[in-house]
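Number of protein chains: 2
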Amino acid sequence: MISASAAPVMEGTPQKTDSRVSTIVEVDLGNRSYPIYIGSGLLDEPDLLQRHVHGKRVLVVTNTTIAPMYLDKVIKALAHENSNISVESVILPDGEAYKDMETLMKVFDKAIESRMDRRCTFVALGGGVIGDMCGFAAAAFLRGVNFIQIPTTLMAQVDSSVGGKTGINHPLGKNLIGAFYQPQSVLIDTDTLNTLPDRELASGIAEVVKYGLIRDADFFEWQEKNMQALLGRDPSALAYAIKRSCENKAEVVALDEKESGLRATLNLGHTFGHAIETGFGYGQWLHGEAVAAGMVMAVDMSRRLGWIDDTIVERALNILQQAKLPTSPPEIMTVEKFKTAMAVDKKVADGLLRLILLKGPLGNCVFTGDYDRKALDDTLHAFCKS
Amino acid sequence: MISASAAPVMEGTPQKTDSRVSTIVEVDLGNRSYPIYIGSGLLDEPDLLQRHVHGKRVLVVTNTTIAPMYLDKVIKALAHENSNISVESVILPDGEAYKDMETLMKVFDKAIESRMDRRCTFVALGGGVIGDMCGFAAAAFLRGVNFIQIPTTLMAQVDSSVGGKTGINHPLGKNLIGAFYQPQSVLIDTDTLNTLPDRELASGIAEVVKYGLIRDADFFEWQEKNMQALLGRDPSALAYAIKRSCENKAEVVALDEKESGLRATLNLGHTFGHAIETGFGYGQWLHGEAVAAGMVMAVDMSRRLGWIDDTIVERALNILQQAKLPTSPPEIMTVEKFKTAMAVDKKVADGLLRLILLKGPLGNCVFTGDYDRKALDDTLHAFCKS
Chain F
1 MISASAAPVM
11 EGTPQKTDSR
21 VSTIVEVDLG
31 NRSYPIYIGS
41 GLLDEPDLLQ
51 RHVHGKRVLV
61 VTNTTIAPMY
71 LDKVIKALAH
81 ENSNISVESV
91 ILPDGEAYKD
101 METLMKVFDK
111 AIESRMDRRC
121 TFVALGGGVI
131 GDMCGFAAAA
141 FLRGVNFIQI
151 PTTLMAQVDS
161 SVGGKTGINH
171 PLGKNLIGAF
181 YQPQSVLIDT
191 DTLNTLPDRE
201 LASGIAEVVK
211 YGLIRDADFF
221 EWQEKNMQAL
231 LGRDPSALAY
241 AIKRSCENKA
251 EVVALDEKES
261 GLRATLNLGH
271 TFGHAIETGF
281 GYGQWLHGEA
291 VAAGMVMAVD
301 MSRRLGWIDD
311 TIVERALNIL
321 QQAKLPTSPP
331 EIMTVEKFKT
341 AMAVDKKVAD
351 GLLRLILLKG
361 PLGNCVFTGD
371 YDRKALDDTL
381 HAFCKS
Chain A
1 MISASAAPVM
11 EGTPQKTDSR
21 VSTIVEVDLG
31 NRSYPIYIGS
41 GLLDEPDLLQ
51 RHVHGKRVLV
61 VTNTTIAPMY
71 LDKVIKALAH
81 ENSNISVESV
91 ILPDGEAYKD
101 METLMKVFDK
111 AIESRMDRRC
121 TFVALGGGVI
131 GDMCGFAAAA
141 FLRGVNFIQI
151 PTTLMAQVDS
161 SVGGKTGINH
171 PLGKNLIGAF
181 YQPQSVLIDT
191 DTLNTLPDRE
201 LASGIAEVVK
211 YGLIRDADFF
221 EWQEKNMQAL
231 LGRDPSALAY
241 AIKRSCENKA
251 EVVALDEKES
261 GLRATLNLGH
271 TFGHAIETGF
281 GYGQWLHGEA
291 VAAGMVMAVD
301 MSRRLGWIDD
311 TIVERALNIL
321 QQAKLPTSPP
331 EIMTVEKFKT
341 AMAVDKKVAD
351 GLLRLILLKG
361 PLGNCVFTGD
371 YDRKALDDTL
381 HAFCKS
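Top line first, the protein sequences correspond to chains F and A. At position 172 of the first sequence the residue is numbered 172 (UniProt numbering), and the sequence of numbers has no breaks. At position 189 of the second sequence the residue is numbered 189 (UniProt numbering), and the sequence of numbers has no breaks.
Hints were generated in silico from the structure; no laboratory data involved.
Pairs involving identical chains hold if they fit within one copy or between any two copies, as the list cannot separate such chains.
Lysine-lysine pairs mimicking BS3-like chemistry, simulated, CA-CA at most 27 Å apart:
(1) Lys165 <-> Lys110
(2) Lys56 <-> Lys73
(3) Lys56 <-> Lys174
(4) Lys110 <-> Lys99
(5) Lys337 <-> Lys374
(6) Lys99 <-> Lys174
(7) Lys56 <-> Lys110
(8) Lys99 <-> Lys337
(9) Lys106 <-> Lys165
(10) Lys106 <-> Lys73
(11) Lys339 <-> Lys359
(12) Lys385 <-> Lys374
(13) Lys385 <-> Lys337
(14) Lys174 <-> Lys106
Build the full structure now, drawing on both the sequences and the hints.
And the structure:
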């Protein structure tokens, strides 16, 4: 079972130096438990990394975008006053298109060439693609070696930090090959978000908003008050948003590790969103952008069913607009395109499409196939021109 | 923890019909426990297979040698009075040379094309290569699906049935990419050994002899008395040899799941044997043939150290000769070739080569680097012409 507990070492404050290691979220998985360190300047704290490296050999897996910015810093942190250690790195091409077996083999090639042994540690330095690939490589290399995540996008920090999903794409589908594999630790330096493009920051915020909508009204209210601080990359606001997101995800996963029901609620807006990504073409919109538009559609449908009142619709719309996220699908999306894509969704069981919909006061949702089909039709027609 | 218990449903008897499901070995791994069914004619018992298939879709992974002999039989057993089920199969090229990523991808391709879902079951029908590849494919497909093993070689039956090791080779080394992954069940039909070439049968017997030498004097004595029955493929003799081998392996793995010390004793003769496989070229000798010669060398060295008496040397030599296994390395092997290959053995720690050697009465061994180097040299010179 996974459970999350926040151990605030020092709560984030406006003083920059004090915000270091502002929070540790403990993901409790029995003998596979691990800490998530969250704060500003954590890459300048060598001990945080070194304490989770058990052997003498480290392989940093990163990409061509992140390497020029942070690879030296990470290597320095690993080697700082630590002459025992040897650090190698492999720099992969950047992008979802390279989350494939061919690129994964480059990680194995490098690991074998540099004689990594069973006690080595793989470090994932980058966004979700790097985390997924490095994690799967660590799971499979010599049947499993240690693994540390340093996520550098908000999306990876609030989503991939918890859950242990790793893997690669197959030409015929996303994430079809992989493993459930837990890291030794996750190190989130909020300073890495300073180099993140605005659109990518907003994409991550879409997932943060999701946690508020599905299960945490207090957090949603905090976001309404602090959206400008988040967009302005205020370290303590970011640290708090990341902490609450990781805690919420850890709690949900704890209650339903095998994704049978409750865990599906983490996919609010994702069924509509995936339809947009499929119909529009992957790479046109960022994942969080498609999810944002998808959440607005799910919220609209919930209102049509009479399950939530209008204020929730307005507040959801408003907060996503503040974050400059899209709140409707791209014009290219037709009702037909939505229906085609949604028919092959993983959540279809016996021909019935189950959806995550809001129901009740803010912070409550359901995962159900028991809804009036007309509401879905009406939502699709309201958001599509044809 | 793994522990083995034999639950003899019906002890094997000369009557053919009675020998079905002669034995079940339970591998006890907590919630990952599974049974190994051993007996003659088990592929004609559809229930044994069907009871471990939970979903509606099955993918049988086999090779070009085994498919013509047993694929139809397995498909029939799976589908017998079971119209719910759909069975697909993928036939891989036969041989260690194809235990690679490219061939593994063919399994994923077929699984995706035939729309296998999370509740599907992969069935490995073949020898060690098929078991390793199908097991790793099952571990990684959709992050883990059910998996049943039907090993058709004696080597796979007495070695791969216990331990959960799956994986593929990398161009730079064997078994470098994989997972620890347990099957739902293992079905060993001793009748499949009727089509196994004599050399392959003997190769498996080398591993059977190993269990006797390292930890089971009673089993060794049984083998001395029953070697002709084994070579004559007597079903109940085979079933007993397979049962005791699986039990011995399960007990060792239980005591040392992570291969830190005791589990290494399962590699008696393998350090010398791997040197032969490397120096002679993989594929020249079968694995068990190289292990047989390697065991004779390890036994010889144990005697030179004064750790065992001459009768054990003679009995080991005699039983392997009965099985028509090689008892010395091929002429191409020089002292130098042995030393080169043994220097890069995985069991070298801090420059010290640790070996599995017999010590004490029959059925006792040690895994140690604490031995007189001269004994190793003398053994190498005694077995090599130069």
